[in-house]
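Between the sequences and the hints, there should be enough to build the whole structure, so can you do that?
Per full-length UniProt numbering, residue 1 is the first one in the sequence shown, and the count goes up by one each step.
A hint or two may mislead.
Claimed, not checked - Simulated pairs of lysine to any residue, SDA-like, Cα-Cα distance not exceeding 20 Å:
| no. | residue 1 | residue 2 |
| --- | --- | --- |
| 1 | K100 | R54 |
| 2 | K100 | I113 |
| 3 | K100 | L87 |
| 4 | K100 | N39 |
| 5 | K100 | W50 |
| 6 | K100 | P112 |
Stated by the list, open to error - Have a look at the derived ranges for each label pair, beta carbon to beta carbon:
| no. | residue 1 | residue 2 | range |
| --- | --- | --- | --- |
| 7 | E106 | S73 | 32 to 38 Å |
| 8 | W76 | A41 | 29 to 35 Å |
| 9 | I83 | L34 | 20 to 26 Å |
For the record, the hints were derived by calculation from the structure and aren't laboratory data.
Using N, Cα and C, we set each Cβ at its ideal position, and we do this for glycine too.
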Amino acid sequence: MRNFFSWVSVCFAGGLVGGLANSIFLYLAGSYGLFASINVALAPQWTLPWLYPRLVWGGVWGLLLTPRWMPGSIFWRGVIVSIAPTLFQLLIVFPNMLNKGLWGLELGMLTPIVVIVANAVWGVAAAIWVRLADDTPVSSSYSRLR
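The structure is reproduced here in C-alpha coordinates:
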(Lines of atoms letter the chains of each structure in order from A and count residues from 1; the text may use other names and numbers.)
(Lines give C-alpha, C1' and ligand atoms only; values in the text may rest on other atoms or scores of the structure.)
Protein backbone atom coordinates (compact mmCIF):
# COMPACT_ATOMS: atom_id res chain seq x y z
CA MET A 1 0.00 0.00 0.00
CA ARG A 2 1.71 3.14 -1.18
CA ASN A 3 -0.61 5.78 0.29
CA PHE A 4 0.26 6.51 3.94
CA PHE A 5 -3.31 7.45 4.88
CA SER A 6 -4.65 4.22 3.40
CA TRP A 7 -2.07 2.26 5.37
CA VAL A 8 -2.96 4.03 8.64
CA SER A 9 -6.65 3.32 7.95
CA VAL A 10 -5.90 -0.36 7.42
CA CYS A 11 -3.94 -0.48 10.69
CA PHE A 12 -6.78 1.22 12.59
CA ALA A 13 -9.30 -1.21 11.07
CA GLY A 14 -7.02 -4.11 11.97
CA GLY A 15 -6.90 -2.92 15.56
CA LEU A 16 -10.69 -2.64 15.57
CA VAL A 17 -11.00 -6.24 14.31
CA GLY A 18 -8.50 -7.25 16.98
CA GLY A 19 -10.64 -5.45 19.57
CA LEU A 20 -13.64 -7.46 18.42
CA ALA A 21 -11.67 -10.74 18.64
CA ASN A 22 -10.41 -9.77 22.11
CA SER A 23 -13.95 -8.91 23.24
CA ILE A 24 -15.38 -12.18 21.93
CA PHE A 25 -12.60 -14.11 23.69
CA LEU A 26 -13.19 -12.32 27.02
CA TYR A 27 -16.97 -12.64 26.81
CA LEU A 28 -16.92 -16.34 25.94
CA ALA A 29 -14.26 -17.19 28.54
CA GLY A 30 -16.25 -15.31 31.19
CA SER A 31 -19.60 -16.78 30.11
CA TYR A 32 -18.34 -20.35 30.12
CA GLY A 33 -16.83 -19.96 33.58
CA LEU A 34 -13.16 -20.12 32.62
CA PHE A 35 -12.29 -17.02 34.65
CA ALA A 36 -14.33 -18.20 37.65
CA SER A 37 -12.54 -21.56 37.55
CA ILE A 38 -9.15 -19.83 37.89
CA ASN A 39 -10.45 -17.34 40.51
CA VAL A 40 -10.28 -14.26 38.29
CA ALA A 41 -13.17 -11.85 38.87
CA LEU A 42 -13.85 -10.96 35.24
CA ALA A 43 -17.29 -11.65 33.82
CA PRO A 44 -18.00 -9.11 31.10
CA GLN A 45 -21.54 -8.60 29.84
CA TRP A 46 -22.00 -8.27 26.08
CA THR A 47 -23.42 -4.74 25.92
CA LEU A 48 -22.75 -1.82 23.60
CA PRO A 49 -21.31 0.37 26.40
CA TRP A 50 -18.80 -2.43 27.12
CA LEU A 51 -18.04 -3.24 23.47
CA TYR A 52 -17.83 0.17 21.81
CA PRO A 53 -14.84 1.59 23.74
CA ARG A 54 -13.00 -1.72 23.30
CA LEU A 55 -13.39 -1.45 19.51
CA VAL A 56 -12.27 2.18 19.40
CA TRP A 57 -9.28 1.62 21.67
CA GLY A 58 -8.43 -1.52 19.71
CA GLY A 59 -8.27 0.67 16.61
CA VAL A 60 -6.11 3.25 18.35
CA TRP A 61 -3.70 0.56 19.55
CA GLY A 62 -3.77 -0.87 16.01
CA LEU A 63 -1.84 2.21 14.90
CA LEU A 64 1.19 0.48 16.46
CA LEU A 65 1.14 -1.75 13.38
CA THR A 66 1.85 1.25 11.13
CA PRO A 67 5.67 0.88 11.04
CA ARG A 68 6.66 -1.75 8.49
CA TRP A 69 10.13 -2.42 9.85
CA MET A 70 9.08 -5.00 12.43
CA PRO A 71 10.45 -8.37 11.39
CA GLY A 72 8.98 -11.79 11.94
CA SER A 73 5.84 -13.68 11.20
CA ILE A 74 2.37 -12.23 11.51
CA PHE A 75 1.90 -14.17 14.76
CA TRP A 76 4.99 -12.72 16.43
CA ARG A 77 4.33 -9.24 15.10
CA GLY A 78 0.89 -9.36 16.71
CA VAL A 79 2.23 -10.70 19.99
CA ILE A 80 4.99 -8.07 20.14
CA VAL A 81 2.57 -5.22 19.40
CA SER A 82 0.21 -6.53 22.11
CA ILE A 83 2.83 -5.81 24.79
CA ALA A 84 2.00 -2.07 24.80
CA PRO A 85 -1.74 -2.35 25.60
CA THR A 86 -0.97 -5.15 28.06
CA LEU A 87 1.43 -2.96 30.04
CA PHE A 88 -1.01 -0.05 29.86
CA GLN A 89 -3.83 -2.22 31.26
CA LEU A 90 -1.71 -3.76 34.02
CA LEU A 91 0.26 -0.68 35.09
CA ILE A 92 -2.10 2.24 34.40
CA VAL A 93 -5.74 1.12 34.06
CA PHE A 94 -6.02 -1.45 36.85
CA PRO A 95 -4.14 0.42 39.60
CA ASN A 96 -5.04 4.03 38.76
CA MET A 97 -8.39 4.03 36.93
CA LEU A 98 -10.14 0.98 38.37
CA ASN A 99 -8.40 0.79 41.78
CA LYS A 100 -7.78 -2.95 41.38
CA GLY A 101 -4.15 -2.85 42.49
CA LEU A 102 -0.94 -3.16 40.55
CA TRP A 103 -1.28 -5.80 37.81
CA GLY A 104 -5.01 -6.03 38.69
CA LEU A 105 -4.24 -8.59 41.38
CA GLU A 106 -7.35 -7.65 43.36
CA LEU A 107 -9.30 -9.38 40.59
CA GLY A 108 -7.31 -12.59 41.09
CA MET A 109 -3.73 -13.80 41.05
CA LEU A 110 -3.96 -14.96 37.42
CA THR A 111 -5.36 -11.66 36.12
CA PRO A 112 -2.04 -10.67 34.48
CA ILE A 113 -2.01 -13.97 32.54
CA VAL A 114 -5.59 -13.37 31.37
CA VAL A 115 -4.65 -9.86 30.19
CA ILE A 116 -1.54 -11.14 28.38
CA VAL A 117 -3.50 -13.86 26.56
CA ALA A 118 -6.47 -11.60 25.73
CA ASN A 119 -4.21 -8.89 24.33
CA ALA A 120 -2.22 -11.47 22.35
CA VAL A 121 -5.54 -12.48 20.76
CA TRP A 122 -6.05 -8.80 19.90
CA GLY A 123 -2.56 -8.42 18.43
CA VAL A 124 -2.62 -11.55 16.30
CA ALA A 125 -6.12 -10.83 14.95
CA ALA A 126 -5.09 -7.25 14.14
CA ALA A 127 -1.87 -8.35 12.43
CA ILE A 128 -3.72 -10.95 10.34
CA TRP A 129 -6.27 -8.33 9.22
CA VAL A 130 -3.53 -5.87 8.29
CA ARG A 131 -1.66 -8.52 6.30
CA LEU A 132 -4.80 -9.61 4.46
CA ALA A 133 -5.64 -5.99 3.58
CA ASP A 134 -2.09 -5.12 2.46
CA ASP A 135 -1.48 -5.20 -1.29
CA THR A 136 2.32 -5.02 -0.97
CA PRO A 137 4.18 -8.20 -1.95
CA VAL A 138 4.95 -10.39 1.05
CA SER A 139 8.72 -10.08 0.64
CA SER A 140 8.61 -6.31 1.19
CA SER A 141 6.09 -6.25 4.03
CA TYR A 142 5.26 -9.02 6.46
CA SER A 143 6.72 -12.45 6.15
CA ARG A 144 4.33 -15.33 5.66
CA LEU A 145 2.22 -16.59 8.51
CA ARG A 146 4.44 -19.05 10.42
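Here is what the structure says about each hint:
1. K100 <-> R54: holds (19 Å)
2. K100 <-> I113: Holds - the C-alpha atoms of I113 and K100 are around 15 Å apart, at most 20 Å.
3. K100 <-> L87: holds (15 Å)
4. K100 <-> N39: Roughly 15 Å between the alpha carbons, so the hint for K100 and N39 holds.
5. K100 <-> W50: holds (18 Å)
6. K100 <-> P112: holds (12 Å)
7. E106 <-> S73: 32 to 38 Å: holds (36 Å)
8. W76 <-> A41: 29 to 35 Å: holds (31 Å)
9. I83 <-> L34: 20 to 26 Å: holds (23 Å)
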